[in-house]
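**Q** Its first residue numbered 7, the sequence shown is counted upward by one per residue in this note's numbering.
Hints may be right or wrong, so weigh each one.
To be verified - Derived DEER-like restraints, expressed as beta-carbon distance ranges: (1) His104 to Gly47: 24 to 32 Å; (2) Glu44 to Lys76: 40 to 48 Å; (3) Ala45 to Ile99: 44 to 52 Å; (4) Lys76 to Asp105: 34 to 42 Å; (5) Glu19 to Val95: 16 to 24 Å; (6) Gly88 to Glu44: 41 to 49 Å; (7) Ala45 to Ala77: 31 to 39 Å; (8) Ala69 to Ala102: 38 to 46 Å; (9) Leu117 to Gly52: 27 to 35 Å.
No lab work stands behind these hints, which were simulated from the structure alone. The structure presented is a predicted model; accordingly, all values stated were derived computationally and were not measured. Think of the CB as a built atom: it goes at the ideal place given N, C-alpha and C, for glycine as much as any other residue.
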Amino acid sequence: MRVSREKAQENRELVIETAARLLRERGFEGIGIADIMEAAGLTHGGFYRNFASKDDLATLASARAAETMKATMIARLGQSPGEPFRALVEHYISRAHHDDRGSGCILPAHLQMPRGSRKL
């Protein structure tokens with residue numbers, strides 16, 4: 007069954023968002039394409055119509071995760087104009103940030119990668 011261009015783009019965005027979350031939760035070595043597609047509710051076969059490789063998706067998902075974290079940081083900074091650095095650090099080291107890895111910082115996932123395989 008063919009899907010519209012709009013639905014295909016929607017599915018692509020869903021896969022990128024899902025991968026961004028899973029990469030932050032489990033690290034790069036902790037997930038595979040099948041895991042990502044299953045979590046997105048899509049078939050494994052649809053992956054290669056949208057992405058050249060897992061590395062391609064990892065790059066896009068990392069960028070998405072970094073954009074999300076940047077937006078979160080900017081919002082936090084705006085909430086405490088008198089002490090922006092303190093607000094940023096308090097958020098970053100907070101229990102809520104620690105416990106919700108899927109929406110947190112992508113850097114720990116990159117740090118878990120074996121040497122020589124850090125790609126961005």
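**Q** I'd like to know which numbered hints this structure contradicts. Please list them from smallest to largest.
**A** As far as the earlier hints go, 2, 3, 4, 5, 7, 8 are violated by this structure, in ascending order.
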